[in-house]
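Visitor: Chain A is fixed; fit chain B onto it per the hints.
Those sequence lines, one after another, are chains A and B. In terms of my numbering, the first sequence opens at residue 1 and continues consecutively. In terms of my numbering, the second sequence opens at residue 1 and continues consecutively.
Note that these hints are calculated values from the structure, not bench results. Predicted model, so just to flag it, every value in this text is computed and none were measured. Do not take every clue at face value.
Put simply, identical chains are the same to the list, so a pair is met inside one copy or across any two.
[Stated by the list, open to error] Each computed DMTMM-like pair below joins lysine to aspartate or glutamate, with the alpha-carbon atoms no more than 25 angstroms apart: (1) Lys-219 with Glu-128; (2) Lys-153 with Asp-30; (3) Lys-202 with Asp-126; (4) Lys-217 with Glu-268; (5) Lys-202 with Asp-182; (6) Lys-219 with Asp-264; (7) Lys-225 with Glu-268; (8) Lys-145 with Asp-64; (9) Lys-217 with Asp-64; (10) Lys-217 with Glu-128; (11) Lys-117 with Glu-128; (12) Lys-219 with Glu-234; (13) Lys-219 with Glu-268; (14) Lys-225 with Glu-312; (15) Lys-217 with Glu-234; (16) Lys-241 with Asp-72; (17) Lys-155 with Glu-128; (18) Lys-155 with Asp-115; (19) Lys-219 with Asp-64.
2 protein chains.
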Amino acid sequence: MQKFSPVILFMITLIAILFTANAKANDQTDPLPSWNESSTKKNIIDFVKQVTDKTNSHYVPPMDRIATFDNDGTLWVEQPIYTQFIFAIDRLKAMSAQHPEWKTQKPYSLILSGDKKALAALNVQDMERIMAVTHAGMSVEVFNKLAQDWLQKAKSPRYDRLYTQLIYQPMLEVMNYLRQNDFNIYIVTGGGQDFVRAFSDKTYHILPRQVIGTAGKTKYTYQNKQPVLIKLPEVLLVDDKAGKPEAINLFIGQKPIIAFGNSDGDKEMLEWTQSNARPHLMLLVHHDDAAREYAYGPESKVGTFSDALMNEANNQHWQVISMMHDWKTIFPAVIK
Amino acid sequence: MQKFSPVILFMITLIAILFTANAKANDQTDPLPSWNESSTKKNIIDFVKQVTDKTNSHYVPPMDRIATFDNDGTLWVEQPIYTQFIFAIDRLKAMSAQHPEWKTQKPYSLILSGDKKALAALNVQDMERIMAVTHAGMSVEVFNKLAQDWLQKAKSPRYDRLYTQLIYQPMLEVMNYLRQNDFNIYIVTGGGQDFVRAFSDKTYHILPRQVIGTAGKTKYTYQNKQPVLIKLPEVLLVDDKAGKPEAINLFIGQKPIIAFGNSDGDKEMLEWTQSNARPHLMLLVHHDDAAREYAYGPESKVGTFSDALMNEANNQHWQVISMMHDWKTIFPAVIK
Chain A
1 MQKFSPVILF MITLIAILFT ANAKANDQTD PLPSWNESST KKNIIDFVKQ VTDKTNSHYV
61 PPMDRIATFD NDGTLWVEQP IYTQFIFAID RLKAMSAQHP EWKTQKPYSL ILSGDKKALA
121 ALNVQDMERI MAVTHAGMSV EVFNKLAQDW LQKAKSPRYD RLYTQLIYQP MLEVMNYLRQ
181 NDFNIYIVTG GGQDFVRAFS DKTYHILPRQ VIGTAGKTKY TYQNKQPVLI KLPEVLLVDD
241 KAGKPEAINL FIGQKPIIAF GNSDGDKEML EWTQSNARPH LMLLVHHDDA AREYAYGPES
301 KVGTFSDALM NEANNQHWQV ISMMHDWKTI FPAVIK
Chain B
1 MQKFSPVILF MITLIAILFT ANAKANDQTD PLPSWNESST KKNIIDFVKQ VTDKTNSHYV
61 PPMDRIATFD NDGTLWVEQP IYTQFIFAID RLKAMSAQHP EWKTQKPYSL ILSGDKKALA
121 ALNVQDMERI MAVTHAGMSV EVFNKLAQDW LQKAKSPRYD RLYTQLIYQP MLEVMNYLRQ
181 NDFNIYIVTG GGQDFVRAFS DKTYHILPRQ VIGTAGKTKY TYQNKQPVLI KLPEVLLVDD
241 KAGKPEAINL FIGQKPIIAF GNSDGDKEML EWTQSNARPH LMLLVHHDDA AREYAYGPES
301 KVGTFSDALM NEANNQHWQV ISMMHDWKTI FPAVIK
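Next up, chain A with everything else stripped away, as it sits in the complex (with noise of 0.2 angstroms):
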């Protein structure tokens, strides 16, 4: 018989108790709690098993795990209007004082008359000479401080929650249950790569670089002989529709191997990732909850999820979440 320093016995013993643990994790604990227990969260369980199994004639290596994700109305809130609009409306009142030019300037007068009609009545192009005009012009630093301070004080009215607590909790549980996975987890999104990029890690645990959005183009020059980038109101990248297979290729350089969207903007990403090689799964969200959030699918006739793209999904087998019958809850917690 030999003997046995306390030391080593002390290490058999956590050996054998994180074996346990480790067993139980992985033979119990449900990883999307959220989820009702439909086919849906079924068939994303049954993915990740099928490709993470080396065994499996499904496997794919973590290097090729590429999962990519929509932001607005995939991970948050984006009715009745986006985000990041509301940001620019209230950037643009906040800047009005040093342009009183613009109490009589289309469209900016639009916007600070605060009548809800003239708002709803804005083009395209006011809309792009608002986001010029709020989002270009100053340093990529100072944007991101300006972006920061109003997502940490700017609240819904329907929910009296902050945008950031306006996020679906069974989609973090999906991020998580991929991270967990060794996926490499891109949101890519038609929103401002900037604005996103300003609450992504602390929101989604999500690091900037992992954020591909429509982005502008930035200047390389000097204040006080430090360098800075200023942002200039010229689009480099639009990141919705044929541009975000375009994005993933400049930015990834590898097809997606799963996908979540839940718009028109979404449908060449999801044909894209349909295009790999490599096993694959799409995903839409369909807005069908109006009690709990939106309604705003292709019934409604009014959203961004045209009939056209639900009759791809069911042509092409996207897999379609149903809100109100997929999601057990919307929000997470907020912990006060």
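Guide: Using the frame of chain A, we list chain B on its own:
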């Protein structure tokens, strides 16, 4: 006294072996064996030790450990002409059978004539036209295959080696050392992003998503009902000089803490790194070794490392790497 099963005894032995091996590795292994014992080597190792030591005031968490490397002249040979341009010339020749008009049409005729003087007389616009013709009009996949096929065969006449074997062993060791210390490594190259992505994984263990380079626009379309991205002959980003910090911000959204370059095209990237509030280290490879490689530093007055850059390096305490004095070996051993 307790009894222990053979399994437990085996595990204890294994743990003991692993602990010993680990301690040895930390103490004795030289992470940069191809570097001479100079202050350059010491500065790199000291920096990595400081930023990875949680008890050190210069500690940097892994997510902020961004390292950027120029490619041409920093990771592989760029003389007598850029490898990508040799590829473009070979492509032009291969394509010329389909383009009889090129025989009399400049600048194509200048290349096809094989006259070295004519080649040397090409201006920037000529080069851009040749790059556009040879690097666009096909899908991203087709281009990738063309580049990979070429790189598997084309050899440097001086060294009788594949171009992907004309990489700097000391820099491979630095990249490996940084990787082992949880740095996030990026290539930030003035060369073509798609061209470098075609060999970066096999050659440097750098994935496509870690390669930031000069990039053309692409167009999302369909061929035989399958989505494809077609490379267009239009420049989206020029990743050189001020374009480097601009691209670093676009792709990564964080400043590097360590950056390696070798020319005036890297100055802004090094300035940007120096402006990081985190600890930082900036380095420039000085090509001063005509016997083993090339000598085209500031003293030569022929290269892209100007007097002004050397002055900047001295004033800002950027680390100048002398190829002749700091590097024991230049290229990796070739396994036939």
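Visitor: Confirm or reject each hint.
Guide: Against the structure, the hints:
Taking CA atoms no more than 25 angstroms apart as the test, Lys-219 paired with Glu-128 passes in both settings, with 19 angstroms inside one copy and 23 angstroms between copies. Taking the shortest alpha-carbon separations for Lys-153 and Asp-30, neither the intra-copy value of 34 angstroms nor the inter-copy value of 51 angstroms comes in at or below 25 angstroms. In this assembly of identical chains, the alpha carbons of Lys-202 and Asp-126 never lie at most 25 angstroms apart, being 32 angstroms within a copy and 48 angstroms across copies at closest. For a Cα distance limit of 25 angstroms, the shortest separation of Lys-217 from Glu-268 qualifies both inside one copy, at 24 angstroms, and across copies, at 17 angstroms.
Proximity of Lys-202 and Asp-182 under a CA criterion of 25 angstroms is satisfied in both settings, with 20 angstroms inside one chain copy and 21 angstroms between copies. With identical chains, the CA atoms of Lys-219 and Asp-264 are at most 25 angstroms apart between copies only, with a shortest distance of 18 angstroms across copies and 33 angstroms within one. Proximity of Lys-225 and Glu-268 under a CA criterion of 25 angstroms is satisfied inter-copy only: 13 angstroms between copies versus 44 angstroms inside one chain copy. When the C-alpha separation of Lys-145 and Asp-64 is checked against a cutoff of 25 angstroms, the pair qualifies only between copies, where the shortest distance is 18 angstroms, while the shortest distance within a copy is 34 angstroms.
For the homomeric pair Lys-217 and Asp-64, the shortest alpha-carbon distance between copies (24 angstroms) is at most 25 angstroms, but the shortest distance inside one copy (30 angstroms) is not. In this assembly of identical chains, Lys-217 and Glu-128 lie within 25 angstroms of each other by CA distance both inside one copy and across copies; the values are 14 angstroms within and 22 angstroms between. Taking identical chains as interchangeable, the C-alpha atoms of Lys-117 and Glu-128 lie at most 25 angstroms apart only when both belong to the same chain, with a minimum of 19 angstroms there against 51 angstroms between chains. Proximity of Lys-219 to Glu-234 under the C-alpha cut-off of 25 angstroms is found in both arrangements, the shortest distances being 11 angstroms within a copy and 20 angstroms between copies.
Only between protomers do Lys-219 and Glu-268 lie at most 25 angstroms apart by alpha-carbon distance; the minimum there is 12 angstroms, versus 31 angstroms within a single protomer. In this assembly of identical chains, the alpha carbons of Lys-225 and Glu-312 lie at most 25 angstroms apart only when taken from different copies (14 angstroms versus 54 angstroms within one copy). Taking CA atoms no more than 25 angstroms apart as the test, Lys-217 paired with Glu-234 passes in both settings, with 6 angstroms inside one copy and 16 angstroms between copies. In this assembly of identical chains, Lys-241 and Asp-72 lie within 25 angstroms of each other by CA distance solely inside one copy; the values are 14 angstroms within and 35 angstroms between copies.
Taking identical chains as interchangeable, the C-alpha atoms of Lys-155 and Glu-128 lie at most 25 angstroms apart only when both belong to the same chain, with a minimum of 24 angstroms there against 51 angstroms between chains. Taking CA atoms no more than 25 angstroms apart as the test, Lys-155 paired with Asp-115 passes inside one copy only; the shortest distance there is 20 angstroms, against 69 angstroms between copies. Taking the closest pair of Cα atoms, Lys-219 and Asp-64 come within 25 angstroms of each other only across two copies (23 angstroms); inside a single copy the shortest separation is 34 angstroms, beyond that limit.
The structure is inconsistent with the numbered hints 2 and 3, although it conforms to all the rest.
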